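Trainee: Could you put together the complete structure from these sequences and hints?
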Amino acid sequence: MIAIKEIQAVTNLCSGVMAAVHSEFVALAIQNESGPDVRWHYAAGNLNDKYKRITVRFGKGIAGKVISSGSPMMMTNFPHDILGKVTDYPIALAEKLVASYAVPLFFNAVPKGVLLVGKREKYSFTEEEQEVVKDSAQSLEQILKEHLL
Amino acid sequence: MEDLHVKQQISSYIIQSQEEEIKRIALELHEGVGQNLYSILTGLQVVESAIKEQQLKKYVREMESLIEKTIQEIRLLSVELHPPALTTLGLLPAVKSYIKLYTSTFGILVDLESTGEEKLIPEQNRIAVFRVCQEALANIAKYADTSNVKIYFVWNKEELTITIQDFGKGFQVEEHIENHHSYGLAAMMERMHLTGGQCTISSKIGEGTSIELSLPL
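Here the protein sequences come in this chain order: A and B. Each residue of the first sequence is one higher than the one before, starting from 1 at the first, in the numbering used here. Each residue of the second sequence is one higher than the one before, starting from 1 at the first, in the numbering used here.
Rather than coming from a laboratory, the hints here were simulated on the basis of the structure. It should be emphasised that the depicted structure is a prediction, and the values quoted were computed from it without experimental measurement. Note that CB positions come from ideal geometry on N, CA and C, so glycine has one too. Hints may contain errors.
Restraint ranges, calculated between C-beta atoms of paired labels, are given here [what the hints assert, rightly or not]:
{"hint": "1", "chain 1": "B", "residue 1": "Gly116", "chain 2": "A", "residue 2": "Thr76", "range": "33 to 39 Å"}
{"hint": "2", "chain 1": "B", "residue 1": "Glu31", "chain 2": "A", "residue 2": "Ser69", "range": "25 to 31 Å"}
{"hint": "3", "chain 1": "B", "residue 1": "Lys58", "chain 2": "A", "residue 2": "Met74", "range": "28 to 34 Å"}
With a cut-off of at most 30 Å between alpha-carbon atoms, the simulated DSS-like pairs for lysine-lysine come out as follows [what the hints assert, rightly or not]:
{"hint": "4", "chain 1": "B", "residue 1": "Lys142", "chain 2": "A", "residue 2": "Lys85"}
{"hint": "5", "chain 1": "B", "residue 1": "Lys157", "chain 2": "A", "residue 2": "Lys96"}
{"hint": "6", "chain 1": "A", "residue 1": "Lys85", "chain 2": "B", "residue 2": "Lys23"}
{"hint": "7", "chain 1": "A", "residue 1": "Lys134", "chain 2": "A", "residue 2": "Lys52"}
{"hint": "8", "chain 1": "B", "residue 1": "Lys23", "chain 2": "A", "residue 2": "Lys5"}
{"hint": "9", "chain 1": "A", "residue 1": "Lys52", "chain 2": "B", "residue 2": "Lys169"}
{"hint": "10", "chain 1": "B", "residue 1": "Lys150", "chain 2": "A", "residue 2": "Lys52"}
{"hint": "11", "chain 1": "A", "residue 1": "Lys145", "chain 2": "B", "residue 2": "Lys58"}
{"hint": "12", "chain 1": "B", "residue 1": "Lys96", "chain 2": "A", "residue 2": "Lys85"}
{"hint": "13", "chain 1": "A", "residue 1": "Lys119", "chain 2": "B", "residue 2": "Lys7"}
{"hint": "14", "chain 1": "B", "residue 1": "Lys96", "chain 2": "A", "residue 2": "Lys52"}
{"hint": "15", "chain 1": "A", "residue 1": "Lys5", "chain 2": "B", "residue 2": "Lys142"}
{"hint": "16", "chain 1": "B", "residue 1": "Lys150", "chain 2": "B", "residue 2": "Lys169"}
{"hint": "17", "chain 1": "A", "residue 1": "Lys145", "chain 2": "B", "residue 2": "Lys57"}
{"hint": "18", "chain 1": "B", "residue 1": "Lys58", "chain 2": "A", "residue 2": "Lys134"}
{"hint": "19", "chain 1": "B", "residue 1": "Lys142", "chain 2": "A", "residue 2": "Lys119"}
{"hint": "20", "chain 1": "B", "residue 1": "Lys157", "chain 2": "A", "residue 2": "Lys85"}
{"hint": "21", "chain 1": "A", "residue 1": "Lys52", "chain 2": "B", "residue 2": "Lys204"}
{"hint": "22", "chain 1": "B", "residue 1": "Lys100", "chain 2": "B", "residue 2": "Lys157"}
{"hint": "23", "chain 1": "B", "residue 1": "Lys52", "chain 2": "A", "residue 2": "Lys145"}
{"hint": "24", "chain 1": "A", "residue 1": "Lys122", "chain 2": "B", "residue 2": "Lys169"}
{"hint": "25", "chain 1": "B", "residue 1": "Lys100", "chain 2": "A", "residue 2": "Lys119"}
{"hint": "26", "chain 1": "A", "residue 1": "Lys96", "chain 2": "B", "residue 2": "Lys142"}
{"hint": "27", "chain 1": "B", "residue 1": "Lys96", "chain 2": "A", "residue 2": "Lys96"}
{"hint": "28", "chain 1": "B", "residue 1": "Lys204", "chain 2": "A", "residue 2": "Lys85"}
{"hint": "29", "chain 1": "A", "residue 1": "Lys85", "chain 2": "B", "residue 2": "Lys58"}
{"hint": "30", "chain 1": "B", "residue 1": "Lys204", "chain 2": "A", "residue 2": "Lys96"}
{"hint": "31", "chain 1": "A", "residue 1": "Lys134", "chain 2": "A", "residue 2": "Lys5"}
{"hint": "32", "chain 1": "B", "residue 1": "Lys100", "chain 2": "A", "residue 2": "Lys52"}
{"hint": "33", "chain 1": "B", "residue 1": "Lys52", "chain 2": "A", "residue 2": "Lys119"}
{"hint": "34", "chain 1": "B", "residue 1": "Lys142", "chain 2": "A", "residue 2": "Lys122"}
{"hint": "35", "chain 1": "B", "residue 1": "Lys204", "chain 2": "A", "residue 2": "Lys122"}
{"hint": "36", "chain 1": "A", "residue 1": "Lys96", "chain 2": "B", "residue 2": "Lys100"}
Mentor: Right, dumping it as structure tokens:
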């Protein structure tokens, strides 16, 4: 299987969405081919390489909640106004994200991935920006379906 | 003096009661809910193998995958609450097991070294030291801004010393404690004090923080 970070179309799309919504960070998490683990396979604008070692916990943090619910989620002022503990949000802690917006990636109608954009300051992503991220996630689903499935 | 002693005993009693309850919940999750879900998973696998219709087969497979994820989360939750190794194998294996979970949760690498012969510690003290290590590691994930942590266990005849060193941004310890910015740090110290041990925190801005725990054996 080709590594996701090596798929040019994926990196182009992620860079595109990062620029379009003026975010400082973008990352893509996908469930492993075998087993239930979901890991961050690609990131841009990262401060360190912690994301490579993080396994997304099902139902925890922004990415875990997006995968378990299959719905987009936004955080505008981390660590304020969050559900659960601060330590439930490892990618926000690792990358010092204050605002983030994440959408699910569906494969065979099941949420198996997350596209996340983030900023290191208080921010609320506009409706238009949310649509850009959702559209990018749909394009990523198509690209990844061809490469991974 | 007498009052202080009674207060300490009450604190110990409250902590012990909470720990017993946490242990009960962790065990119930692991042995009860987790095992039941595993039985359901096995049952679904049998059902799946008997199904001929492809669409339905795929649907059952997705249900299996969801149960697998839930089983894994229950297992991790149970380790976080009270690692089974803490009761069965001891402090060092429990910390090693927690470190694996910690790295996969926060992406922070932890290097653990142990010198000397590991000794058996009474369960109450074992839990206390484990909780203080857990709190120290959580604080590192929250505030230290670092990717590497070193933990040293040194077992002597009369004492166990544990040093947890991050190489992060550091902070003003006195200022934090005096201004009550962190009850977490005070709780770590108090918890070690109740075991008859000590907790010393030192930190330098730009160089990182070092937490030294000592426990009489």
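Trainee: Now look at each hint and say whether the structure bears it out.
Mentor: Now for the hints, and whether the structure bears them out:
1. Gly116(B) to Thr76(A): 33 to 39 Å: Once the Cβ atoms are compared, 50 Å apart, the range 33 to 39 Å for threonine 76(A) and glycine 116(B) is violated.
2. Glu31(B) to Ser69(A): 25 to 31 Å: Given range 25 to 31 Å: holds, Cβ gap about 28 Å.
3. Lys58(B) to Met74(A): 28 to 34 Å: 32 Å, holds
4. Lys142(B) to Lys85(A): Roughly 11 Å separates the two Cα atoms, so the pair holds.
5. Lys157(B) to Lys96(A): It is violated: about 43 Å lies between the C-alpha atoms, which goes past 30 Å.
6. Lys85(A) to Lys23(B): OK: lysine 85(A) and lysine 23(B) at ~20 Å, within 30 Å.
7. Lys134(A) to Lys52(A): This hinted pair holds, its Cα atoms lying about 24 Å apart.
8. Lys23(B) to Lys5(A): This hinted pair is violated, its Cα atoms lying about 42 Å apart.
9. Lys52(A) to Lys169(B): With Cα atoms ~22 Å apart, lysine 52(A) and lysine 169(B) stay inside 30 Å; holds.
10. Lys150(B) to Lys52(A): 20 Å, holds
11. Lys145(A) to Lys58(B): 17 Å, holds
12. Lys96(B) to Lys85(A): 23 Å, holds
13. Lys119(A) to Lys7(B): 47 Å, violated
14. Lys96(B) to Lys52(A): Measuring from Cα to Cα gives roughly 21 Å; hence the hint holds.
15. Lys5(A) to Lys142(B): Roughly 28 Å between the alpha carbons, so the hint for lysine 5(A) and lysine 142(B) holds.
16. Lys150(B) to Lys169(B): 15 Å, holds
17. Lys145(A) to Lys57(B): 20 Å, holds
18. Lys58(B) to Lys134(A): Holds: lysine 58(B) and lysine 134(A) sit about 26 Å apart, inside 30 Å.
19. Lys142(B) to Lys119(A): Distance of about 18 Å is within 30 Å: holds.
20. Lys157(B) to Lys85(A): Judged against 30 Å, a Cα distance of about 39 Å means the pair is violated.
21. Lys52(A) to Lys204(B): 29 Å, holds
22. Lys100(B) to Lys157(B): This hinted pair holds, its Cα atoms lying about 29 Å apart.
23. Lys52(B) to Lys145(A): 25 Å, holds
24. Lys122(A) to Lys169(B): Since the Cα atoms of lysine 122(A) and lysine 169(B) sit roughly 22 Å apart, the hinted pair holds (cutoff 30 Å).
25. Lys100(B) to Lys119(A): 29 Å, holds
26. Lys96(A) to Lys142(B): OK: lysine 96(A) and lysine 142(B) at ~10 Å, within 30 Å.
27. Lys96(B) to Lys96(A): 27 Å, holds
28. Lys204(B) to Lys85(A): 27 Å, holds
29. Lys85(A) to Lys58(B): 35 Å, violated
30. Lys204(B) to Lys96(A): 21 Å, holds
31. Lys134(A) to Lys5(A): With a Cα-Cα distance of about 20 Å, the restraint between lysine 134(A) and lysine 5(A) holds, given a limit of 30 Å.
32. Lys100(B) to Lys52(A): Cα-Cα ~14 Å, so holds.
33. Lys52(B) to Lys119(A): Distance ~49 Å between lysine 52(B) and lysine 119(A) Cα, so the pair is violated.
34. Lys142(B) to Lys122(A): Answer holds: lysine 142(B) to lysine 122(A) is near 18 Å, not above 30 Å.
35. Lys204(B) to Lys122(A): Judged against 30 Å, a Cα distance of about 29 Å means the pair holds.
36. Lys96(A) to Lys100(B): Distance of about 23 Å is within 30 Å: holds.
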